[in-house]
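Chemist: The chain contents come next:
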Amino acid sequence: AQSVAQPEDQVNVAEGNPLTVKCTYSVSGNPYLFWYVQYPNRGLQFLLKYITGDNLVKGSYGFEAEFNKSQTSFHLKKPSALVSDSALYFCAVRDSGAGSYQLTFGKGTKLSVIP
Amino acid sequence: NAGVTQTPKFQVLKTGQSMTLQCAQDMNHNSMYWYRQDPGMGLRLIYYSASEGTTDKGEVPNGYNVSRLNKREFSLRLESAAPSQTSVYFCASSVTGGFNYGYTFGSGTRLTVV
Numbered sequence: 017a018q019s020v021a022q023p024e025d026q027v028n029v030a031e032g033n034p035l036t037v038k039c040t041y042s043v044s045g046n047p048y049l050f051w052y053v054q055y056p057n058r059g060l061q062f063l064l065k066y067i068t069g070d071n072l073v074k075g076s077y078g079f080e081a082e083f084n085k086s087q088t089s090f091h092l093k094k095p096s097a098l099v100s101d102s103a104l105y106f107c108a109v110r111d112s113g114a115g116s117y118q119l120t121f122g123k124g125t126k127l128s129v130i131p
Numbered sequence: 675n676a677g678v679t680q681t682p683k684f685q686v687l688k689t690g691q692s693m694t695l696q697c698a699q700d701m702n703h704n705s706m707y708w709y710r711q712d713p714g715m716g717l718r719l720i721y722y723s724a725s726e727g728t729t730d731k732g733e734v735p736n737g738y739n740v741s742r743l744n745k746r747e748f749s750l751r752l753e754s755a756a757p758s759q760t761s762v763y764f765c766a767s768s769v770t771g772g773f774n775y776g777y778t779f780g781s782g783t784r785l786t787v788v
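Going down the list, the sequences are from chains A and B. So the first sequence is numbered by my numbering: it starts at 17 and just counts up by one. So the second sequence is numbered by my numbering: it starts at 675 and just counts up by one.
One chain only, chain B, in its complex shape (with noise of 0.2 Å):
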């Protein structure tokens, strides 16, 4: 079926180490997403790209770096990951500029740092 695809679904990492989040999509959208989800906090922006080849900070990008490997794939990195980063991830992607469609989202990567 075509949608979002997040690898892994779950994630146990030590403080410190470092790993990378994969999100692909098969829909030909041209903006892609990454949101963290934290209770009561609802869904924060961390990095987007509106267009291959172009990425943006969002809101909370610190601790974070993205690639947009090509139009299909945009990862997200963790360099030294830190207890504060224990949230689930969620990527999406959307028709730019033709915004009808809203957004189509990953089932989210759940990680843990401890």
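In isolation and in its complexed conformation, chain A is listed as follows (with noise of 0.2 Å):
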């Protein structure tokens, strides 16, 4: 079974400094994972996505993602937070052995960045 853990329901951080958003998970195969960004009273979006290769990966609106296969982790980053980066994140995973395409998601960490 897949699953994935965002410890934190809130992460607070000033404007201007970095952010960081944490995410584990749990998979018996490889991991496909991703991070979806959601505003208020709207849909999720894709902001970026780890399937093989770096282990940093990049994304829309200036974040970046650090796979670390040991710490099952892929944390999502900024170095410069914007007030307008406040939002619903959500982090979400599929084992790439596993026989459906479903992506499991974590239950969300609400970032807010204060001016």
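Since the hints were made in silico from the structure, they are not lab data. A couple of the hints might just be wrong.
Within a straight-line C-alpha distance of at most 30 Å, the following computed DSBU-like cross-link-like pairs (lysine-lysine) qualify [what the hints assert, rightly or not]:
#1 A:Lys65 <-> B:Lys745
#2 A:Lys74 <-> A:Lys85
#3 A:Lys65 <-> B:Lys688
#4 A:Lys123 <-> B:Lys688
#5 B:Lys745 <-> A:Lys126
#6 A:Lys38 <-> B:Lys745
Take each chain as given, in its own frame, and dock them per the hints.
Modeler: Structure, rendered in structure tokens:
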């Protein structure tokens, strides 16, 4: 079975400071990992993905994430937070060895960037 | 613009009423999904359709039925609505197999059952 955990319900960061939103996963095979962002009253939008290759992946809006196989983590990062980054962030995983193509989502982390 | 379209955007039902949530995508995706989003629970998969003509249960299928009408359309039906089904419902689609693109989500249907 595949699962993903986002240990923080909420993250607060001052504008201009670096931000990290944490994600850990569990799969039996190799993971496909994703980050999505949800703005109020909107659907989820794709930010970035890790499928294979370089452990540091870059995505939309200046976000990046680092895949760490030994720690089974895929933390989302940004060097300098903007107020407009305030949103709900979801990590998702799919086991590449699984028979289905379902994504399993974490419970989400609310990011608040304080001016 | 290409994407996933959900209707309606908002709905209030009385307990016991039925309704169908509609979803259509124009990206030629094979797979489609229905999720519900509840505070503190994240997104939970209700049903999915890996390809036209197939549907399978997800994590929380009780109280729901689905129909994959054609490649574009995937509807979710509540036969007898209950207050526990008050939620925001999202439809999504993806390319099956070539999974590099993740999911594309609709903007959601906010359902209240009173």
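Chemist: The structure should be examined with respect to each hint, and the outcome stated for every one.
Modeler: Against the structure, the hints come out as follows:
1. A:Lys65 <-> B:Lys745: Answer holds: Lys65 (chain A) to Lys745 (chain B) is near 26 Å, not above 30 Å.
2. A:Lys74 <-> A:Lys85: Measuring from Cα to Cα gives roughly 17 Å; hence the hint holds.
3. A:Lys65 <-> B:Lys688: Measuring from Cα to Cα gives roughly 41 Å; hence the hint is violated.
4. A:Lys123 <-> B:Lys688: Satisfied, since the Cα-Cα distance of roughly 28 Å is no more than 30 Å.
5. B:Lys745 <-> A:Lys126: The given pair, whose Cα atoms are some 35 Å apart, is violated under the 30 Å limit.
6. A:Lys38 <-> B:Lys745: violated (36 Å)
Violated hints, listed in ascending order, are 3, 5 and 6; each of the other numbered hints is respected by the structure.
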